[in-house]
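Letter by letter, the chains look like this.
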Amino acid sequence: MATKTDFGPPYFKDMLPPVIEKNYGKWLYHDRVKPGLLKHVAESGDEIYTVRVGSGRLVSTDWIRDVCEIADKFCGGHLRFTSRHNVEFLVSDEAQVEPLIAYLKEHSYPVGGTGHSITNPVHTQGWIHCHTPATDASGIVKAVMDDLFEYFEDWKLPAYCRVALACCLNMCGAVHCSDIAILGIHRKPPVVNHDTVRAKCEIPNVIASCPTGAIRPDPKNKTVKVIDEKCMYCGNCYTMCPGMPLNDPVGDGLSIWVGGKISSARTPPKFSRLVIPFLPNTPPRWPETVSAVRNIVEVWAKHARKHERMGEWIDRIGWERFFDLAEIPFEVQLIDDFTLAPETFRSTPTFKW
Amino acid sequence: MSESKTPLLDDLEQGPWPSFVTEMKRAAEKNESAKDLLHQLERSYEDRIGYWKHGGIVGVRGYGGGVIGRYSELGDEFPAVSEFHTFRVNQPSGWFYTTDKLRQLCDVWDKHGSGLTNLHGATGDIILLGAPTDALQPCFDDLAEIGFDLGGSGSDMRTPSCCVGPGRCEYACFDTLELLYNITMEFQNELHRPMFPYKSKIKISGCPNDCVAAIPRSDISVIGTWRDKIQVNPEGVAYHAENGVDIQAEVVDLCPTECMAWDANKKELKIEDAECNRCMHCINILPRGLRPGKERGATILVGGKAPIVHGALLSWVIVPFMKMEEPFDEFKELVENIWEWWDENGKMRERLGELINRLGMREFLKAVNLPPAPQMIKEPRANPYYFWDPEEVK
Chain A
1 MATKTDFGPP YFKDMLPPVI EKNYGKWLYH DRVKPGLLKH VAESGDEIYT VRVGSGRLVS
61 TDWIRDVCEI ADKFCGGHLR FTSRHNVEFL VSDEAQVEPL IAYLKEHSYP VGGTGHSITN
121 PVHTQGWIHC HTPATDASGI VKAVMDDLFE YFEDWKLPAY CRVALACCLN MCGAVHCSDI
181 AILGIHRKPP VVNHDTVRAK CEIPNVIASC PTGAIRPDPK NKTVKVIDEK CMYCGNCYTM
241 CPGMPLNDPV GDGLSIWVGG KISSARTPPK FSRLVIPFLP NTPPRWPETV SAVRNIVEVW
301 AKHARKHERM GEWIDRIGWE RFFDLAEIPF EVQLIDDFTL APETFRSTPT FKW
Chain B
1 MSESKTPLLD DLEQGPWPSF VTEMKRAAEK NESAKDLLHQ LERSYEDRIG YWKHGGIVGV
61 RGYGGGVIGR YSELGDEFPA VSEFHTFRVN QPSGWFYTTD KLRQLCDVWD KHGSGLTNLH
121 GATGDIILLG APTDALQPCF DDLAEIGFDL GGSGSDMRTP SCCVGPGRCE YACFDTLELL
181 YNITMEFQNE LHRPMFPYKS KIKISGCPND CVAAIPRSDI SVIGTWRDKI QVNPEGVAYH
241 AENGVDIQAE VVDLCPTECM AWDANKKELK IEDAECNRCM HCINILPRGL RPGKERGATI
301 LVGGKAPIVH GALLSWVIVP FMKMEEPFDE FKELVENIWE WWDENGKMRE RLGELINRLG
361 MREFLKAVNL PPAPQMIKEP RANPYYFWDP EEVK
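Protein sequence lines, in the order shown, are assigned to chains A and B.
Note that my numbering has the first sequence beginning at 1, numbered continuously upward.
Note that my numbering has the second sequence beginning at 1, numbered continuously upward.
Chain B with its partners taken away, still in its complex shape (with noise of 0.2 Å):
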């Protein structure tokens, strides 16, 4: 039996969760581009060192994005990933599939490409790891055949994504997948063709739960929300009470404005609604018991990004709350505002977060014509530095 060729990876097959390295191997079984790549790992982890170089400007017909440019540097030594690009391909609202479906996406991916993929990328989209260039515009002809568009990348509209939403989530304020499904259609031209000072993200959670991490790092966030009383079955409060829960020290006592009361005699709950600032804690643990209120809608805020260039932000209250129906044509001016305001004063690399920090929430504001509230702060500013229109000084 001839030696492993890989064995730093293969100790990567042990264990209890599931190896990536068999992954790989059941596609180098395969697939040549699969077998180099592979190699090319295996010469990484002895050397402790990437081996890729940088994208050149690949792509598909009428399209500026989708498609990541990726080019080995030992390309000699292992010449079927000398060229192995990615595509980002549009993930289904909140990744719901049939096997059909997946089985055409396989059957595509196997004939042009590495046989690899990521299920899915940090972004929403499906990854297709490894194509050579000429490999690129057939196999988006037969993605585009079985229903499968390109994704985002570079300065454009990044593909957005949303978490399950009404599809099997009781906590859902409004209808993430439809939402995220029209605004796809919607901004196409802006998804596609990158005309952007930089990347732009929108993530939809349809609850202060935030599943798809909207607030950390999407440039737009839209977060469910509601308006009125939270709705109580006391049956269902009874039943997680007499179900191993505390509910005085694992609900009312953990309620940040304590706006909560138990009685453990009559088993009943009450929220004082007011004072009630929604963040989710209580219908967590009571899912039987408490629902989001029935006057729904969504929390809008902006900026949210990570460290590149000038630090993470997360984003910021600007619209406190709007109603989200169809057409959600409310929603979509506010966004196509937004993009105007950024791209006519954003630098190159400029996140919408570090333009509103360099020009101010205020001038954001008045540019989309949004009004000031105290829900947009944590608290008033310390400082005397602050600035009057003239008009107002007269």
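The shape of chain A in the complex, shown without the other chains (with noise of 0.2 Å):
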């Protein structure tokens, strides 16, 4: 039998419900009607109401099912899933709501995260399935929601605050532009194994991988050398050979980084900023990423104006007002020394003491 290919995804028109076919494109405004629930009208007149429901991305087949069966039971067998892995029921009948509401409340799904919150976490593998990880990522995440829970399914805050967790360098799904990211590092260079490198690596890769030129070529004995000091231990050499692993207990761990912003809304779009350089991994609950990432929520949430997310906060008060703030020590790795790094230097005598 040929095997087919190349057939693509499902085609979503025939996964969409009949309201949103209806009025597909021809939605009118939308109610944000309390955490977790949002009303959309249509220009028809006809109505959906979303249910926004958290989960921990790493799910079983068993909660798939689960999930499906309340769709079925509340929404005419529809739902979709958001870009931060949350679940959305679509509710044509506003009878069905408030029922689907509490049905939710009752079986422990957690109800919120739309609005002035602290939305799911977008996060990594970690050690669950990576092969590069500094830390894990479901475990912290689950830690930081737990204590941050009250902030999902509430509006407390003065605007939203995007929180994310990358468990390397690669940074995959966009955690550098987050009002919160906590993002794994590793401390050590890479040992390189000569045997490994020799046999499964191809050297001029491996030494173009580096962005700081630290690897040099060894051909006498068809390896490679890293020069320590030049390295910063990103993990790209690792990626590219296997012979190369940095991981290592006491090295890695975590650092904090805010004020990052994806949308565009009243300033551009902008990274976020180291301000703890190194934490260290202490599973299962890694109470000291914890309590920083609360401590930054709540100086934020006390001092910013209704509306200003983190970064703008901080470029209105200045950075040197936010350490202040946050009573965050303010660390030499703070300061940049990578290929932009004057950029990010000051050149004025105006600042606050």
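Calculated directly from the structure, the hints in this document are not laboratory data.
Be a bit skeptical, because a hint or two may be false.
Derived DSBU-like pairs: lysine-lysine, alpha-carbon spacing no greater than 30 Å straight-line [what the hints assert, rightly or not]:
#	chain 1	residue 1	chain 2	residue 2
1	A	LYS39	B	LYS347
2	B	LYS229	A	LYS270
3	A	LYS156	A	LYS270
4	B	LYS199	B	LYS294
5	A	LYS302	A	LYS156
6	B	LYS199	A	LYS200
7	A	LYS39	B	LYS332
8	B	LYS294	A	LYS270
9	A	LYS200	A	LYS230
10	B	LYS347	B	LYS294
11	B	LYS267	A	LYS188
12	A	LYS188	A	LYS220
13	B	LYS101	A	LYS22
14	B	LYS229	B	LYS267
15	A	LYS13	B	LYS101
16	B	LYS366	A	LYS270
17	A	LYS26	B	LYS332
18	A	LYS270	B	LYS267
19	B	LYS332	B	LYS347
Grab the two chains, each in its own frame, and use the hints to assemble them into the complex.
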């Protein structure tokens, strides 16, 4: 039998609820009714209610069958997912909205993540299934969201706050433009396994993979040398070559970055900036990271104006004031020394004490 | 009662946020590999290090991507995960599903794999997590049977994704869902057979809120926008004013271009549309009162990426406005031109943004035949190091 190929994904129009099919492209406005509940109204007057539910992203087929059963019961067999791993139950019968929410709460599905909240963190695989992680992903997200749960369920913040986690510098999922990014980092150079390098790696590619030129050829021994002082532990060489492992229980840990945004509302998208260069890997609940994230959320929530995202608030008050208010010590690693470093240095004596 | 083998992970079954550990245990009741995965993860929690090896080349017939090879370093101890490969399965536009379709997928995955998934991976795919090498082809055959194809991996066009668009959002400035489906079908070869210098991502958002993070991470970012006036519904604006929105403070004072004025007595919002930069802030705050204009299309930006190799980049504007209507020929032609230049000039593992940085935006614009425009830049250069074509100096 010839294998069928290149037939593409299921056509989305076969997946839409009837009310969406009918009002496709004809939506007029929406109301943010309460946390976790959106109401969209079409030009025809038709309405669709969306109930948003957080998930742990790593789910079993049993869980998928569970949410399908809920969608059968309340939503005519239709549901969707968001770009941040939430499930959305799409309800076209208003009378079903409150019974659905009651059912979800009774069965411990978290309803929320809309409006000025902390919605589901985008995150990566971590120790569960990645080969270059400096930390786990799902475990830290679980610990952080257990702690910040009140902000998922309720509207208590000046604006929304996007938290994201990546378990290494590859930053799968655009965590580098988050209000708060938690990033796994290594702190030790790779330990070269010369036999593996000789057997499995293309040496020119390994050398080219290094952003700082820290890898030199060793033609005599058909392997490579690492100039440790030039290595900033990005792990890119290890991605290219299994003979360059740099995972290490003591060297590996987390870093915290703040103030990024993706949307162009008010101000252009911007990168998150490093504020805590290292926190240790302390499973199962990573208490240092959990409290660092809560502290940053609370300082921002206390001082920011309405609709002011983390980065917009910091731009207004200045980074020196941020470190002061957040009581975060300023460490030398926060000063850039990569290619575009001078763009981040200050060239004016106008700053705050 | 026997003692738990996973005391560290058990702790993560407590608390209000959904527990991935509970999900792993549910899968483990039915599947040996899910059980070994749980136990290997507990070991990682004890030792504070990961135990997955580099992927070898694995896949299905006819494709170069879509399956990520993964092997355990602790295969002797946890034999059911010694081979534990991942499928990336191409999601429907906007992640809309019928329950029937999802159940079919569950049946296939329970038959061939661990029963564990990610809904969804950051790129957009359905991630089916963990199957042994000899299950790959039969699993793909069964997926094909129910109409699910594989997504991208390696140096190919990665699975594109888009926002909910006209399916359920009045902000959508073009049909993001249809464009996504259209280009996915058009570029099946580029999606399934890696032949580029490195990965290439296309992400599609219907408005500048950019719900799929196109600008931070995609080589080619499509962002919906409009060219005429914001549509104003005065009753809707008044509704918000009467229902708790301080329009002066929350809308007018936060407008980045200062193009709005609010007359609180008359409940009248005036917008000087020519000065508006369409950032979406006022529309976000007043959804009953304001909508994007009627002359709609998209801004095309290129070069966005995460840090590897030479640092993160945000995409740059190269086409200020493009109409986005089926069959989307202008857009697809541009994509092909961009890929051709990148493929010809890019070094191995050099993303489009890095190549533009190395060879210059001037070279890029010339190659893809786009005219320079002030909308492309934040400010002109401040250095005198610029080039002339000898033809221009005569």
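Violated hints, by number in ascending order, as checked against the structure:
1, 4, 7, 10, 11, 18
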